[in-house]
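Chemist: Taking the hints into account, I'd like the entire structure generated from these sequences.
Listed in order, the protein sequences are those of chains A and B. Here the first sequence is numbered in my numbering, starting from 1399 and rising by one per residue. Here the second sequence is numbered in my numbering, starting from 405 and rising by one per residue.
It is possible that some hints are incorrect.
Which chain B residues face chain A? A few, computed with CB under 7 Å, are given here [unchecked claim]: (1) E444; (2) S458; (3) V478.
Honestly, the hints are just simulated from the structure, not real lab data. Treat the numbers as computed from the prediction; the structure is a model and nothing was measured. Ideal placement from N, C-alpha and C gives every residue a C-beta, glycine not left out.
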Amino acid sequence: MAVSSETGRVAVQVTDCFLLAHDDFMRRTKQGRHLTHSIIELDRAPDVEGLRKALARLVEKYPLLAGRLRRDWKTWLPYWEVPPAPGRGLPLHLWRERGVVGALPDAAEVEATMDLLHQIATEPLAVEGIAFKARMDVVVQRDGKCLLALSWSHLLIDGKGAELLLAEIGRLCAGVDVACETKEPARPELTFKEKIQKTKAAVYRMGNLAKIGAPSLSGPRPRRGRAFYQVVTLNQADSARLTARVEGLTGALFPMTFYVACAARAHDRVFRHRGREPRGYVISVPVQTRKRGARGPLFHNQVSIFFFSAVREHLDSIEGATAAMKQQFAEMTRGRLDESFLTVLELMMRLPSWIFMRVVRWQFKGEICSFFHSHTGAFAPELTEFAGSHVTNAYHLPCLATPPGTGLFFCERNGLVNITLTWREGCLTDDERKLMLGQMFADLFGEPRPDLLDGL
Amino acid sequence: MTTPEASIKHRAQLMATQPIPQQESLEQQLVQLVCERLLETQPGFDAESNLYDSGLDSMAIMHLLILIEEEFGVALPESELTRQNFSTVRSVAGLIRARTAPSAKG
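Modeler: Set out below in structure tokens:
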């Protein structure tokens, strides 16, 4: 993170501009802001005072968390204006579900945790005029467990960054205050001609995908509505069984391709239920640009995108769909599509957000992609203790815009597989949601699993 | 127009005519490749270090396969893409040598 001490400016990363345009699109279409909740489940309530101190130190250490996005009037490039460290920590809110007594006496009451998360997604993160880009909520639940939500803006943080940030807060709670790796991944210095050359692979790919189209369950028209989340945590036996099946189908090394295929077939099931059989789907999958093995920078969207396609002839079986995804993964990696796509975004950085978004949606006739998906692997495996409590589970709950209005996300924690379905009000009926989950479980396990649908 | 895929294949074919280094030298070259182009490794990383502990994931494995094709002209078959085979640089080097041994060339 290069901070100029004279101006307090921090440069944005290439993909930040897409997220800036997307956030602006959500705001203009009255869908709230682009927030994600990163959840860690704890065995008991954390040490709140220790947490408060850690959050104060966090903001002191990283005042960028209260930064404001500006656009340079000469270059038209967005940048972060970093204020002096505000005199307060990252907002921390305490809650307890109705009926809970004893724990966190200062906590406000909430009917259910999911209601609270829906509410947070529509509230501004700024507090007392400070433009915070994240907040933290602690909820003691009726079952005695405790859920901690770090809600963050995609303008500044991405999924991996949120995991790193939680680990950093955890270290601060434990009294470990060390400098964090903030080295940004290096981008090659290219001439304009070289950049144009480099965009060709991505432009060619997008041209081919446009012929397939990217139908979404919401349709291309943006619409307001609450964000909904459903999290399914598979038990130890089912997680182990699933892992073995994934290894059998993808050769153990490329599980992401299986999960993309499952998500595509689950969405296709709903489309067919609606009497539609689109030619195919386009799925955007983020790929990390942080160098593997490094702790990496906490902030900015350090990702590129792979656009997968799932065409009708590949959707007949999960095996066929997985093989098609695997082939595309190899081709896109080989063709350096991640780099090529980043170069396209780099050339678009100076565009005002509304034009940027128009360019993005033009290709797919108003759509962005058919649905969002990611398989982020193990969630912050180094984070075992947090503010004096033991971490029992962790996952992300991304809040999506319409279009596309739906997303299926996978991650693992302590060997357990977490599946998150998120959708916007009006994009998925209750019957369709069950159909989607039913199809997904059948593909995940190779046979229908009505037992997993019970109570969902 | 030459596609990037065709260009890499062509390069792989050219490289395949070059002799594959001896095991120890091959391991050193692979360690260097991994450290410089693939993973942010810790000091002391060597041929026996666990690659997964060093951050090897799906994307990195795919990059590694492509690097092996580009640098050594060896395309590893799907049946050999197991977790065990990619656990250390030594095991990966063993795969490359096995693919280039006279009996493997057919």
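Chemist: Next step is simple, just say for each hint if it's right about the structure.
Modeler: Now the hints, each set against the structure:
Annotation: E444 (chain B) was flagged as interfacial toward chain A, and the flag holds, the nearest CB pair being 3 Å apart, inside 7 Å. For S458 (chain B), the interface hint holds, since its Cβ comes within 7 Å of a Cβ in chain A; the closest pair sits about 5 Å apart. Evaluation of the V478 (chain B) hint against chain A yields a violated restraint, the C-beta minimum of about 15 Å exceeding 7 Å.
Of the numbered hints listed earlier, the single one contradicted by the structure is hint 3.
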